[in-house]
Every structure is written in C-alpha cells, then in structure tokens.
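Number of protein chains: 6
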Amino acid sequence: MASQRQKSGNPVKSKSGEPPRRSQAADDDTVITALGLKEAAPTDAMAAYFKKCEEKLGFVPNVLRAYAFDMPKLEAFVAMYNDLMLAPSGLTKLEREMIAVAVSSVNRCYYCLTAHGAAVRALSGDPVLGELMAMNFRAARLSARERAMLDFAVKLTAEPWAVEEADRAALRQAGFSARDIWDIAAVAGFFNMSNRLASATDMRPNPVYHGRAR
Amino acid sequence: MASQRQKSGNPVKSKSGEPPRRSQAADDDTVITALGLKEAAPTDAMAAYFKKCEEKLGFVPNVLRAYAFDMPKLEAFVAMYNDLMLAPSGLTKLEREMIAVAVSSVNRCYYCLTAHGAAVRALSGDPVLGELMAMNFRAARLSARERAMLDFAVKLTAEPWAVEEADRAALRQAGFSARDIWDIAAVAGFFNMSNRLASATDMRPNPVYHGRAR
Amino acid sequence: MASQRQKSGNPVKSKSGEPPRRSQAADDDTVITALGLKEAAPTDAMAAYFKKCEEKLGFVPNVLRAYAFDMPKLEAFVAMYNDLMLAPSGLTKLEREMIAVAVSSVNRCYYCLTAHGAAVRALSGDPVLGELMAMNFRAARLSARERAMLDFAVKLTAEPWAVEEADRAALRQAGFSARDIWDIAAVAGFFNMSNRLASATDMRPNPVYHGRAR
Amino acid sequence: MASQRQKSGNPVKSKSGEPPRRSQAADDDTVITALGLKEAAPTDAMAAYFKKCEEKLGFVPNVLRAYAFDMPKLEAFVAMYNDLMLAPSGLTKLEREMIAVAVSSVNRCYYCLTAHGAAVRALSGDPVLGELMAMNFRAARLSARERAMLDFAVKLTAEPWAVEEADRAALRQAGFSARDIWDIAAVAGFFNMSNRLASATDMRPNPVYHGRAR
Amino acid sequence: MASQRQKSGNPVKSKSGEPPRRSQAADDDTVITALGLKEAAPTDAMAAYFKKCEEKLGFVPNVLRAYAFDMPKLEAFVAMYNDLMLAPSGLTKLEREMIAVAVSSVNRCYYCLTAHGAAVRALSGDPVLGELMAMNFRAARLSARERAMLDFAVKLTAEPWAVEEADRAALRQAGFSARDIWDIAAVAGFFNMSNRLASATDMRPNPVYHGRAR
Amino acid sequence: MASQRQKSGNPVKSKSGEPPRRSQAADDDTVITALGLKEAAPTDAMAAYFKKCEEKLGFVPNVLRAYAFDMPKLEAFVAMYNDLMLAPSGLTKLEREMIAVAVSSVNRCYYCLTAHGAAVRALSGDPVLGELMAMNFRAARLSARERAMLDFAVKLTAEPWAVEEADRAALRQAGFSARDIWDIAAVAGFFNMSNRLASATDMRPNPVYHGRAR
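Chains as they are written, first to last, in the numbering used here: chain A, 1 to 214; chain B, 1 to 214; chain C, 1 to 214; chain D, 1 to 214; chain E, 1 to 214; chain F, 1 to 214.
Pulled out of the complex, with its shape left as it was, chain A reads as follows (with noise of 0.2 Å):
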C-alpha cells in the first residue's frame, strides 16, 4: 500500500541534526487520482473554462482534470458546482466554502480539505478560520447562525438518517428561510459526494492550494 520512500542524496540536516524527509506530496499530487484515465479533447465550453481558470486562479483544479476523461461527466459536475458555490443564494460564498470544509472534516477527505480550506481562508481573510473548519469547527468562535448552519451540515453528513423536523426548526430559529435550508442541505450533499469520488480515486489537489492566504 505504502510504496518505499527513496532517500535522495547530500539531504540538507534540519535543526533537530536529523536528516529532513524529503517532500513527497509535491511530486506525488502530479498523478491526479489513481486510476489513470486520459482525459478526453474538452469541448469548447470546458476548454474556455478551463482557460478562464487558470486566469482567475492561476491553475486548473486537479478535480476538473480528473472528470475531464468524459465531457459529458465534466460538464454536469461544473454546472451543479458553479450554481451550488457561486449562484446567489442566501448563504454567503464564505458560508458555502465553511461547510464544504466541515462536511469534508468528517469524512476526512484530504482533496476537499486542502482546495476548500484555501478557499475559506481567502474568503475570510481569516487563515485560522480554515484550519478550524477542517480541524473542528466546535472549536471557532462562530457567530450563532455560523453555528447553526454546521451543526446541520455536520449531522447531515454523519447521520442523515436522524435529522428531523427539530433539526429544520433550529435552522429556521437561527433566521435561515427555506431556501437557505435547501442550500445548506444541497451544498452538504454536494461534499458527500465529493468527498467520495476523491477518496475512491486518491485524488490528489494541486499543490499550490497548502500555500495561499496563510
């Protein structure tokens, strides 16, 4: 499972005079998922997308590339992500980002912690703001309708199963209208699957995300 590290030549020492681990995660998250699939001619509609990508961002998300072995499959993804995460809603873009990352907390997932932490700490401006979304979010200092909205999301996604009319109620308390809780719900769902496609792949995010906005 775990394939053997080859120690390269002449390692720089840390301070602790034990020789460093050379980085690996770099060089590894080059191999997007683990299943190779080749990524199919993009129609014009993803070929400008991916352009515009990389003029906003400065790079094109491993998770496009990975769907991109299918234009139909990359185009649907794309469509329900940009009106879940962009489209106007009564949840601020910030907010949306707070329950990818919680949601993506619980089901430990590396690829969705790392792009979507980024993307709270760019929001925010806050960058402990992301680490305590993917660490615990119990542990922020949220505001009460921060709270409420992830303790939804977060039982949501641990045990769909028990949320009730009770769970609705707390939403709406804290001033959210049925929209917002369709939002919050469709966003939560959104991560679930998510968060599962790059676990079953070991899709590996671009390495650029670990450095912005610390």
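Any given hint could be a false lead.
Pairs count within a copy or across copies, as identical chains cannot be separated in the list.
[What the hints assert, rightly or not] Calculated pairs, DSS-like style, for lysine-lysine (alpha carbon to alpha carbon, straight line, at most 30 Å):
1. Lys38 x Lys52
2. Lys38 x Lys155
3. Lys56 x Lys93
4. Lys38 x Lys93
5. Lys52 x Lys93
Don't read these hints as lab results, they were simulated from the structure.
With chain A's structure known, arrange chains B, C, D, E and F on it following the hints.
Chains B, C, D, E and F alone, transformed into the frame defined by chain A:
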C-alpha cells in the same frame, strides 16, 4: 415532531379484531418536502422532460418536483442523474440501481430506498432482490462481481476515509476497469448526496413506487 | 462467499434492453438456514401448532422449521413468542409488530424485516407503514405514543447501556403503564435475540411473505 | 436521575483519612426493578422452582422475581433459560456462561455481568476468568476454541448484520459442529434479550453474587 | 493469538460435573508485559519508592515494574501519578479513583479496571461501587455531583472533540470550581494515556488486586 | 455556546465582493483556556525553562502557561513531555511528531493539531506532510515503517481494547524493537491525554504556530 393522527370514522376491523390504522403515508406524501418551496415556471427543456417522465413512468418523480423551485438546479440535477444512471457504462443499469439502494440503506433514506428499490425490482425481474438491497445486501446471493461492487460502494459510504488502494485492487480483481471504478464511485457518491437532500428536506416518494414490480 | 450465478438460457429482455437477472431469492430460500440441521419428529403439540399455522397463514414460518431440530427448543421459542406477540397486553398487536420491525431495522435482519414487515402491512392495512418501519421509522407519521414507544425500543437496541430513568419517564409521559414498559422492552429484547439467531444461521424467510398485503 | 445520597451518621474513617462512602448498592438492590410490578401468585411449578433455587443457590435470582408479575412470562423465560444453559449441548456449561458474560460486557449490563460473572468464577474455579470476561475477553488467555466462540458471539452482538459464512467457517475450523453453532448463537441471542430487559427496567442483581467464588 | 492451554493432571471436579478450567490468569500475570523489557538498576529514589509500595500495599504495582526499564520514564510517570491521584485537590481520592475506573471501562482496560477497581472498593468501603464503575457507571446510585463528574470524564474519553462550554457549565452547576474541572480532566486524561500503554503492551495486573476489599 | 461576533467598522472588501470576516482566532487565542486559572509564581527551574522556550521558539507554548497555575503539575508535565519527545529513542523526533498529529487527528484536537502540525512541517521540511497527518494519514505517501507505526498509534487511539499480539507483531515485522513499541505506545498515549486536557479546557494554541514552516 409527530402529528397526532385523527382516527377517521367507521374503520374496517382487521382480522385481529383491532381497528386498522388508517393509511397515512399516501396522504402525507402529497406534500413533497417540508420546505414548501414553490415550483418555478419550467423551462422548455424541463417541461419536455416532465412530459417524458409521465409518458414513460406514468408520473413525475417527486425529487424532480422538489428541485423545480429553481430551474438551473433542476437542470444540473437532471443532467448529472441521467449521465450517471442511463449513459453507457461498464456497469449495467441494474448494477447502478443496486448501488443506489445499498448506499441508501446505509443512510436509511426513505425516498431513495422507495424509488430505487422499485427500480431494482423492475430491472431485475426479481422482487426479492430489491428487498435484499434495502434490508442488508450481505444476505443476498450475489455474484463475486456484484459483491465486490457493493462492498466498495458501502465502505465508501460508511467510512470514505478508509478507502485505499487495496479496495480498488479488489474491484480490479473482480474484473472492473479503471472507468468502471469511477462509475461505481460516482453512483455511490451521487446517492450519498441525494440521500442527504432527501433527509434534510423530508422528501416523500410518489406513493405509486411502493406497489411497483412486486 | 457468494456463489456464481448460472445464467439460464433464453432470458426475457427487460425494457432497458438488458437481460433480466434470474430470480434467485425464491430458490435459495428453500434452504432455511446455513446449518443444515435435520428436523426432529414433532411432538403432538408442535405437530398441531404447525397444522394451525398452515390453516391460518397457509404455511409454516421458516423460523419454526429452523428450531424444529430440537423439540424442547422449538416449544420454548413458541411459548415465549406467542405470549409476547399474541397474549393480552396494553400494546396492540400492531404496536408489537411495529417494535419488531423497527428493532430488526437497526440490526438489519433480513428474516425478521421480511416476516414482520408483512405483519405490519397486514395488521395496519397500510402497506407503506411496513416499509417505513423497515427503512427508517423516523420518517413515518406517527402518533406521539407510537413515536415514544419506538424511540425507546430503538435506543434499547442500539445502546442498551444508556437507557435510564429519563427514558422510562418519556414512556410514562406518553401514557404507558409500568406493565406496558415491560412489554415494550420484552418485545424489543425478543427481536434482539431473534435477529441474532437469524443472522448467525443465515435464516431465510418464506418467499410468500414478500408479496403479502402490498 | 441520581438521587441525592444521605450521609448517615458516624461513618468509620477509611485509611486515606476520608469518610467512607456508605454502601449503597446492597440497599438499593432490594428494589429489583424500576417498574414496581407486583408478584403474582406462583403456579405450583414456579413455586417448586423457586424452592429449588433457594436450596441450590441459597436465594431466588432477582430476574425470576422480576418476571414473576406474570406466570406465563415467567414460565416461558425459565423454560428457555434452562434449556439453553443447562440442557445437554456440545458446549460446556462454563462455555455457555463465558458467552453470557462476554455478550453482557458489550452491552454493559450490570445485572448479567454480576450474576453470570459469578457463574464463570464458580464453574471455572478461576476467579480471574470471570473478571476477564466482564472487562475485555481479548485480554484472557483462551484456547483457540474459546476464542473463536467468543469472537463469534461478540461480533453477533455488536454487528449482527455483518455475520456471514466466513464467520461460521471460523467456528467449524475451530471444531464446532452445526449444532454447536446454533447453541453459540442461541446463548448469545438470549443474553442480547436479557441484557435489554435488565437495562430497560434497571434490574438489580442479588447482592450476594458479588462476593461469590472470589 | 491464544496460546493452547495445557490441561494439567487430576483436576478437581466442579459441582456441575465438568472438570474445572485450570486457573490461568495468575500464572500468566507473572509476565508483566508482552515486550520483555529488562528492568534497569533503580535510582535511589525509585528503590525507596518501591520499598514504600511494598510496605503500604504489600507489593509493587506491575505498572511500575513495566516502566522500570528506564528510570527517567519511571520517575516522570510516578511524579505525575502521585500528583494527580494523591496531592491535595477539590476531588476526594475516591472520586479520582471513580474517574479512573469509569474511564478505563470505556477503554476496556484490563490492567486499570483491576488495579483501580480494587482502589474504589477499598476507599469506599463499598465493594459493589467498584463493580458498578467497571461495568456501567450509569447503573450506580450516584450523587448529582458524582454523576456530573463521571458524565464529563466519560464524554471526554469517548468523544473529546464534542466537549464544549455546556459540558463545563454542567460541572460548575454541580458545584465544581475551575480548578476541580482541571483535575477531573487531568485524571480522565491520565487514564486515557495509561489505558493505552497497558493495552499496547498487554500489561497484566498483580493477581493480588482481584481479591482485595471484596 | 457561540458568542456573537462584533462586526468592526470599515472592513476591506474581499474579491468576491463580500465583506471579509474579521480574524477572530488570533484575538480569542490570547485567552489560553476557558478555566481562567491564575499562573503561580514559577519555580527557578520553570522560569529557566520558559526563558529557554522563548530563546528557541520565540514564545512559550500555551500548554505550558495552562499548566502554570500549579508548579508540581507543570514540572511533571514538562518532565514527561521532554523525555517522550526529545530523549534518545529508536524513533526519530519527526516520527514522534507524526504520531502526535495522527493521534490528535482522531481526537480532533485543535490545540495539538496546530502546535504539532507545525512541528511536523518544520522537522520534515515538507509542509504537505503536516497537512496530511492532520487531515488523513492514510492519504500520505509513507514508508512501510511509517505506515505500520501510524496504523498502530491510530488503532490504539480509536479502539485500544482491540489491540493484541497481532498488532505488535506487525510493528516487529516493520523493524521496530520492543523498546520502539513502548515508545510508539507512550507517545500515542501521551497525546490521548493531552488532547483531552486541551478539549476539556478549550485550550488555544499560540497563533504564531499557524504560519510556521508553510
């Protein structure tokens, strides 16, 4: 949480001598979700799609009505659903429905167990198979291929963080290609999303599903 | 673990254009358990009891045939079962069957979900109620009394160590007497036993249950 | 939930210099259950059985007194118990008691751990074995046969839905017959029932058990 | 995993007519851990401490012998243990031992349940209280203060990520000071450490603990 | 539970057009624990130790300030910590920090994930390795030795009762000595203690950790 049922007049006695409980679910299931979002005017594409559902199934599945408060959301959902469940794949349509039900059983999702349990019964011509997928897939007499597929989908549902190369290797061993592994993960992921939307909103299945293909 | 299915010749095409999966469960369920214990000569009482089953139900439930390798065990089981499920009690027969199915759902017992799901459908005259008990009792429209009863039975099943006075108080609050509490616990306990006998031996329900009272 | 203890006058100092906590359990355990159901007039058979208990054990086990509010229930319980724990079987009486305690440990049942822990100590002549069954059977030095038996019983208790042919095969491998497998499952099942009756009713063991066979 | 027990000659018959199982635990427990680390030469302080143990208890607790392969580790352990369990605190020594056993029960630690169960019996003068802490603290008749203390310690053990201000508030409500809360957490934390050292190394308690203060 | 955040005046707009969330964590983390225990006068040894921390790290880790209300407790903690994490061992310092973070990830401990995540980044010279230990160690590219070590530490954390000889054998197979096994268990055990102290007291890490060695 539980509304007091009104005992309607003059119930037929059951053979145990006790008055029968009035059938509730059919009535209640006319309210599709607990959110009460109003359906938007359908786009042409969606109007045509609903019409096609009525022709083929005799009804529009409630999940579509639940999404119909917002056409972009409905269209994104329909596009992804149809690609996953109906487009060409190394998995048969029945296999995809078996995954849908086994995943929904882990998550105890009333809507999806009902709607996709009916699909398993119909596609397999084996009513008992639908029951087994909903109750405990481990009790079903499955081929090695089916068992490997469902073991993967269920582990991915219950503990996605623990899925590793050994799990993919078991699928390859059972004859699945890299693309097939993607499809198993994508269907399992999709129902992990849908199960949560349904639980979050108390989505009710069309009553007609219950009696189909028994 | 899973025997390879033989594809029998000339299958009818399903409407999806895929060959239907041959119905398996009915055949396989003629082997009642994985243990292959031989039925003993029935005592007079048990011969009479089997005859009564055939008259009333049209068949002898497989659980009785499973126990029939040893008459003292069969008689003890029948005595306890009939007292619990049929003797006078503050709980209706339907309520006792609802407990049976909700408990069996936690334990995912194929035999008991099938046999007692049919009983819930028959006694309630509400086929959907049987499905709800098997899938997720929390999604059913229940009276406060029914809900309290099932909450207690399910907690007692899933985490018996955590049942305390507060749980009994909730039952009393819902109108149950001390004797009723005993009966709820006794039925829940009994199916926690039966579920495990069935799972341990791969006990298969009589196929006829599946279609009853739909 | 917890009644305030009255500190009775003039307690003996413990060697730590702190006043000893007054022994509570013995007093409280004179109230056998939290339900307060009144014992019914015993049938002749049950009166004789209670007398036999007193002769052999010196007391009537509280579980019998708990059931004694209703003679048919008591008789059904006694018949099943005696068949399972005392009738001829490929399992020794000690092995059956070891299963009882290991199962009760998973369910953390105070009554059964106390009463059957004493039985393991008495039957084995090894007081430590009783402790190990109650605390963690995996820490005991067991024969391969004993370990296989308890692994099966404990898995059947904790996740009955996951018991499959491979689990039965492990028992056969360890030398158990089909009938022995039934008996292991039946004893494990029975204590899954009894544990829940005891927890549901706050059943208290006879204090005399605690000091026996130490 | 389980060594085959040798049946020694001429065993005394038990009253059930079955040959008694030879007492194993006492023998096996002369090997203190599965690691076989050799005791180092004791420092003066540790030699004196061992001598004091023998004087006060009649023996050196095996956990100390287990640590004795390395004097700095032993000294650090002894310093922390004595501060936590014996230094002045708002918690009585008995309360600290009750936490030790309740935590060890969650973790099912044979060593700590045995050694600290004996301490609860001795300090309380209530042998049953030790059993209740080991079996299921919820079944014990506790003061509101004791119950709050153990609820906190057990939650902190089972799901530390979920402990929040509401949990601390419950302790304050029960009369505990900030310093007391630290002490409850520190004792619970310490046994979460010790339980794991003991399980990791198969640490065996001194057999003498079993019979103490019964 | 969640204090209402005050929106401070004149926030900079983020690029999404939404006002940024004011950075909270840094402010809040100046209150080290929720207990408010006052620091005691330091002993000479501890004063010197704090000075050394400031020289080497630039700050005193908050966990030390949290313990500083009581010098004996602080000294015992420091002695054990330094022995475990810094004294000679068959495990490198990086390996010990990897265990610390993998254990803290199971327990979702904000303090320890932050402080020791930084240590993994610094000691390894591989910032991504720190993220992987915190998010899901199974996703990291590890040597067989590292994987065996973390599998043991994580199982010991999540289900200590199930650790047995087979688990120790896997460590020996990976080249670990008896002494190494002790050290793995001791470090894993220590962080199971520290994680709980931190969660119980809402201990906040020094904000400076977050940006270190990125």
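Verification of the hints:
| no. | hint | verdict |
| --- | --- | --- |
| 1 | Lys38 x Lys52 | within (22 Å within a copy, 35 Å between copies) |
| 2 | Lys38 x Lys155 | between (37 Å within a copy, 26 Å between copies) |
| 3 | Lys56 x Lys93 | within (16 Å within a copy, 39 Å between copies) |
| 4 | Lys38 x Lys93 | between (32 Å within a copy, 24 Å between copies) |
| 5 | Lys52 x Lys93 | within (19 Å within a copy, 36 Å between copies) |
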